[in-house]
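Asks: In case you want the letters, here they are:
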Amino acid sequence: MATVLVADDDPDVRDVVVFKLQQSGHEVLVAEDGGAALDLARSSRPDLAVLDVMMPRMTGLDVCRELRADRATAGIPVILLTARAQEGDIESGFAWGADDYLTKPFSPRELDSRVRAVLARSRR
Amino acid sequence: MPPPVGPVVDRGVLVGAVAGLVVVLLALAVALLTGRWWRRRTEARRARRLAPGRPLLVALAAGDGDDAVLDRLATLPRAQWRALEPVAVSMLGKLRGGARAAIVALLERRGTAVRALHDSRRRRPTVRARAAHLLGVVGGPGATARLVVLLADRDPDVRAVAARALGRLRDPLAAQPLVRCLTGPGRALPHHVVMPALARVGPPARSALVASADHPDPAVRARVAEALGLIGAVDAAPRLVRTLQEDPSAEVRLRAARALGRLGTPSAVDPLLAATAAHEPPALRATAAHASGAIGARRAVPVLAALVDDPQHWVAHTAAAALAAIGPEGVAALRDLAHAADRPGAAAHAREALGKAPGVAA
Numbered sequence: 001m002a003t004v005l006v007a008d009d010d011p012d013v014r015d016v017v018v019f020k021l022q023q024s025g026h027e028v029l030v031a032e033d034g035g036a037a038l039d040l041a042r043s044s045r046p047d048l049a050v051l052d053v054m055m056p057r058m059t060g061l062d063v064c065r066e067l068r069a070d071r072a073t074a075g076i077p078v079i080l081l082t083a084r085a086q087e088g089d090i091e092s093g094f095a096w097g098a099d100d101y102l103t104k105p106f107s108p109r110e111l112d113s114r115v116r117a118v119l120a121r122s123r124r
Numbered sequence: 001m002p003p004p005v006g007p008v009v010d011r012g013v014l015v016g017a018v019a020g021l022v023v024v025l026l027a028l029a030v031a032l033l034t035g036r037w038w039r040r041r042t043e044a045r046r047a048r049r050l051a052p053g054r055p056l057l058v059a060l061a062a063g064d065g066d067d068a069v070l071d072r073l074a075t076l077p078r079a080q081w082r083a084l085e086p087v088a089v090s091m092l093g094k095l096r097g098g099a100r101a102a103i104v105a106l107l108e109r110r111g112t113a114v115r116a117l118h119d120s121r122r123r124r125p126t127v128r129a130r131a132a133h134l135l136g137v138v139g140g141p142g143a144t145a146r147l148v149v150l151l152a153d154r155d156p157d158v159r160a161v162a163a164r165a166l167g168r169l170r171d172p173l174a175a176q177p178l179v180r181c182l183t184g185p186g187r188a189l190p191h192h193v194v195m196p197a198l199a200r201v202g203p204p205a206r207s208a209l210v211a212s213a214d215h216p217d218p219a220v221r222a223r224v225a226e227a228l229g230l231i232g233a234v235d236a237a238p239r240l241v242r243t244l245q246e247d248p249s250a251e252v253r254l255r256a257a258r259a260l261g262r263l264g265t266p267s268a269v270d271p272l273l274a275a276t277a278a279h280e281p282p283a284l285r286a287t288a289a290h291a292s293g294a295i296g297a298r299r300a301v302p303v304l305a306a307l308v309d310d311p312q313h314w315v316a317h318t319a320a321a322a323l324a325a326i327g328p329e330g331v332a333a334l335r336d337l338a339h340a341a342d343r344p345g346a347a348a349h350a351r352e353a354l355g356k357a358p359g360v361a362a
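Chains as they are written, first to last, in the UniProt record's numbering: chain E, 1 to 124; chain L, 1 to 362.
Chain L extracted, bound-state conformation:
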């Protein structure tokens, strides 16, 4: 019987392949070790450059601005300052009062804001984004105007950093441009970026939003209503009530109802309960029921208890959850409904809501 025949590999090819593999592994090992050595060297050099300035920076922050310390930091050699500047910028986010003002004064003396204004025009998006962040923490003349320009930057990350930076500056002049990010046709910015910025700007942002509440485009009106709720514009509640009652768009009315629930204004309870009426769109009824529960008004209990029997499943389910959110009186109403043998649908919704309510046994 002949022996089995296997694939024939040339010995020279095999040796060459093994040698090649060894060379590749050696090259990888050298690259890895060199990388580690380089990283350690860079870190050690950074630590050496930080060493003279960091204790002074801590002393400046803790001492609420000692002029002698400020002078020494302002005249540190450039290489040392380049290592220290990121630490100073990071400290700004952790401190307030005199400590923060002292570090801002240092950054102004070192020309950080002027350099950031210059860098905000550079080609690389990362440089522009870093400059926008610095303008937001340091501020200074021209910072708001430059950041407003960056809201229309071609890079979405730069736009987002500029919006956050404007929020941090809390400059009333930023209100209108930030609102335009929500209402205008320009480059889009995510809501979760614009809303906190508007909330930090405060009352001027609320006024700018209310001024856009009558925009002819219902999509814009809807965004404005939502924004008023998200930024906690309690003083805009009467305007939102009017939107809930009178706006021709169901979507805008729904957003107004949701915003009123977020604001928690007691004067909104009756208009919200009126919006749960059977002739209203189901989505608005459910949203208004949820908002009534979020406000927590006891006078909403009978209306919501009646809604738990609604033929619209969504409305009934939301009304039961809203009763649980109101507190002891809502829970008592749910307990009654849970045992109502003549209303099986309502009883099921009530038992489900009681089961989900924390610390409540059906």
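Extracted from the complex, chain E is given alone in its bound form:
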């Protein structure tokens, strides 16, 4: 299984995502804002990052851009979790190199499937 970084400032969403991913056998690193997520990604190099778009300090899009800008973290796959299903958010996410996205309200089961799919793609 893999090490997954989960960053979301909403404790309800964060806890459900963490529980689901741990239930699937992943090791989960948790961040409550964008800055902490970036620090954790740089120090622990997870296999995948699930980032909420709207977070304090740094948005998920900012974290994604910073990860892609650094050669050491550029290869970490990113799934964006966003409350705003607007095209602009999703387009910006893909433009900054996100691998997939999920809109809130979300299904934990679907998130788990997306995590598996992105991990499988990145390991090919």
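These aren't lab readings, by the way, just hints derived from the structure by calculation.
Wrong hints could be hidden among the right ones.
Stated by the list, open to error - Restraint-style ranges between C-beta atoms, simulated for each label pair:
#1 E/Q22 x L/L32: 41 to 47 Å
#2 L/R121 x E/G97: 50 to 56 Å
#3 L/S90 x E/S44: 29 to 35 Å
#4 E/D9 x L/G20: 44 to 50 Å
#5 L/P266 x E/R45: 20 to 26 Å
#6 L/V30 x E/R45: 51 to 57 Å
#7 E/A69 x L/R335: 36 to 42 Å
Unchecked claim - A few chain E positions that, by computed beta-carbon distances, are all more than 10 Å from chain L:
#8 D9
#9 D10
#10 D12
#11 A36
#12 M54
#13 R71
#14 P108
#15 E110
Note that CB positions come from ideal geometry on N, CA and C, so glycine has one too.
Fit chain L to the supplied structure of chain E, relying on the hints for placement.
Replies: Relative to chain E, chain L alone:
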């Protein structure tokens, strides 16, 4: 020379005033500290009551409904459940699929919907509004009927919460009562509350709106036309085209034109361009020009380019902006107009529109 004489204050009064001030400050400090202590105590008690149930709630949501977890949550002591229920209700808005269904099942087991039905009849508006919100997220037998009654509540906030809750339930039975909020003589509800609710109800709401499109009152017809555009009723475009062409009220035709622009239906382009003709009212011409630009049809370019020279400033200005909205072909037409020395009015409108268009240099 005598010394200057100032106001004489009695020493006793001065001491009394200072003492009074000290007492007031002390009382304020005590009140502040007591308030903080009470808040911390309340938060700590709430956290203690949440602690046993919250991990179970997370497990229920993430596990898509484990019966054993559901049973444990359904039998939590009442005080613990009272602290957990708001968290469960808040989670409903963040989850979908099996996770949401599991939490709804829990709320049903705990009697949340039944209690909400009861609370929706209470005297205090805040209690009725909270009950309406709960009925919207949990649903259950009788929820739609009760929320429809609350649409006519004496309190405007309760009415608004009931409308949103009906939208959330997406029950087709809510379509007609919500449309009546727009068309009927009853207690008013703001459009920005009713429209999203109608949009969430979907096709039944569109049918109910179209059924009111021939209402004898032009104000109602105008609201219906606007609503069809706002809720994205693309299948109602032919009806809106007929309204644009045939309605005796200029205001209703204008609202139909605006709605067609919002819907973006290509079949509406020709009727909209016809509505920009010189004999039509200026407000309708400008609205139809704007709607043609919003649809983005290239065949609108020659008609709109001719309108940029219109003697009505509003019409000409809107036509230029509509050309910019169409894209490269509209921008090319604006560039030609911007250099037309024989049409100074059109050139000015074209340059202004080019200046405002993103990523375009005049």
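Asks: Can you list which hints this structure breaks, lowest number first?
Replies: Result: hints 5, 9, 10, 14 and 15 break, sorted rising.
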